[in-house]
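Asker: Protein chains in written order, with my numbering: chain A, 1 to 92; chain B, 93 to 474.
Watch out, some of these pointers could steer you wrong.
Simulated crosslink set (BS3-like; lysine-lysine; CA at most 25 Å straight-line) [as the list claims (entries may be wrong)]:
1. A:14 with B:310
2. B:232 with A:14
3. B:126 with B:144
4. B:373 with A:37
5. A:37 with B:148
6. B:148 with B:261
7. B:356 with A:37
8. A:37 with B:401
9. B:232 with B:369
10. A:8 with B:224
11. B:369 with A:40
12. B:232 with A:8
13. B:261 with A:14
14. B:144 with A:14
15. B:227 with A:14
None of these hints come from the bench; they were simulated from the model.
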Amino acid sequence: MCLSIPSKVVSIDKDRCTAIVDTIGVQREVGIDFIEKEVKVGDFVLIHIGFAMNIISQEDALESIKVYQEILQKMDEEERRQAIIDGDNCSG
Amino acid sequence: MDKLELKELYDRFRDPATIKALAYEIDKEAQNLKESINIMEVCGGHTHTIMKYGLKQLLPKSINFIHGPGCPVCIMPKERIDHAYILSMQDDVILATLGDMIKVPGSRGSLQDARSLGADVRFVYSPLDIIKIAKENPDKKVIFFAIGFETTTPMSAALLQHTIDRGIKNILFHINHVTVPEVMKELIDSRDIHIDSYNNKIDAFIGPSHVSVIAGAKIYQPFPTKYNRPVVVSGFEPVDVMEGVLMLIKQFNQNRCELEIQYKRSVTIEGNTNAQKLIDKFFTKRELFKWRGLGNIPYSALRLKDEYKEYDAEEIYADILPIEEIEDHKLCICGDILRGIATPNECQVFGTACKPSSPLGSCMVSSEGACSAYYKYGSIIS
Ligand code: SF4
């Protein structure tokens, strides 16, 4: 799977099997159908084509978010949103 | 994926020194090879990594890459693109799709052309976006033209599950999902049966990691056992590909023929069982599916099961969707390229009549296509 920026789970809608996640300030709804462990608010997940695929440890997530933040800070709002979404869709 | 170090991914997996060190090791190991080997990288994503980082140039002459058919847009026959075109032209239809599909020409034009004639064609990043489109347009049918290998199939299945659960009535599916192992078998069989005409000489495979994140590495087990071709499932970064190559050469030198996983960071033998269950719930194999340039391949694609007919645009619009076969452009050799018996620069019109801005064939359109990779990174190809 491609490099995808870890996203933090902000809220979960169990009935709809979706969650709102925050990827460095950009919020969106993703599917949580495929996550094998139970996902909780505050967990960090990796997104692939609109779906959370797995949960990663907070330590690793924060470490990598720091790197992305440095890159993304240099972009404007629109570029940033595009870069985040593109990151999840490569080689789809 | 318990240990994920994205920072190091950037640094380590594209690091020129590491790539060179691996090239050195490959070179050393390759000196013991009895004969040269041809490795097919099945997936277009790998082809792009190989071209972009000039990996071919770093390897000894005894190691060849053969570019494979793993590009979902490249293998979509014109008939299916025409379906999308025709559906998009219906008054009450919004057609949604992923990726570069929108640019590929069918016999009537591309979806982009349909759009310029007034069709409502939408490009979505996530299949779940379609739910929003459907809600905002209750008087329209939103048809998802679903493409892709095992990586995108579960997302289509999940969209159908969400559609049913939420009682949405205006989402339909035109399913074009294809599967990797069947086309790999076809490439070997076509070599073994038509040894002269399809002499693609595949000795080993590099399998794409994202497919196995979903389907597991297990889907490749028949290749070492039944077909005598080793497989290494590898990630997409240059270091991943080089490591995959090294693992394969070691197998040859040690007289092993196995399935191995290079991309242990997120690939397991079993894959994601939730995704597999959802695929099994909604999809069944098609007996035959025509691949662009490769012809009909048995059980190589999926369709919706009969119980979900009411969501199947192919069934519902059957009377307006033609089934006649359509020939590809006479000069286009995408078929031979996808089969692994030609490279893009052997095509007469490569870079002249066929360019990304005015493509004749799908391998030039798709960002994962071999022709597009050769065009983009041509300056570093010897
Ligand atoms: S260069 Fe164009 S016409 Fe030639 S094989 Fe590639 S896509 Fe087909």
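Asker: Each hint should be assessed against the structure and marked as holding or not.
Answerer: Here's how the hints hold up against the structure:
1. A:14 with B:310: 31 Å, violated
2. B:232 with A:14: Between residue 232 of chain B and residue 14 of chain A the Cα gap is close to 28 Å, so the pair fails against 25 Å, i.e. violated.
3. B:126 with B:144: Measuring from Cα to Cα gives roughly 29 Å; hence the hint is violated.
4. B:373 with A:37: Cα-Cα ~20 Å, so holds.
5. A:37 with B:148: 40 Å, violated
6. B:148 with B:261: 51 Å, violated
7. B:356 with A:37: 19 Å, holds
8. A:37 with B:401: 32 Å, violated
9. B:232 with B:369: Violated: residue 232 of chain B and residue 369 of chain B sit about 31 Å apart, past 25 Å.
10. A:8 with B:224: 22 Å, holds
11. B:369 with A:40: It holds: about 22 Å lies between the C-alpha atoms, which stays within 25 Å.
12. B:232 with A:8: Violated: residue 232 of chain B and residue 8 of chain A sit about 35 Å apart, past 25 Å.
13. B:261 with A:14: 21 Å, holds
14. B:144 with A:14: 42 Å, violated
15. B:227 with A:14: Satisfied, since the Cα-Cα distance of roughly 20 Å is no more than 25 Å.
The structure fails to meet hints 1, 2, 3, 5, 6, 8, 9, 12 and 14 from the earlier list, while all remaining hints are met.
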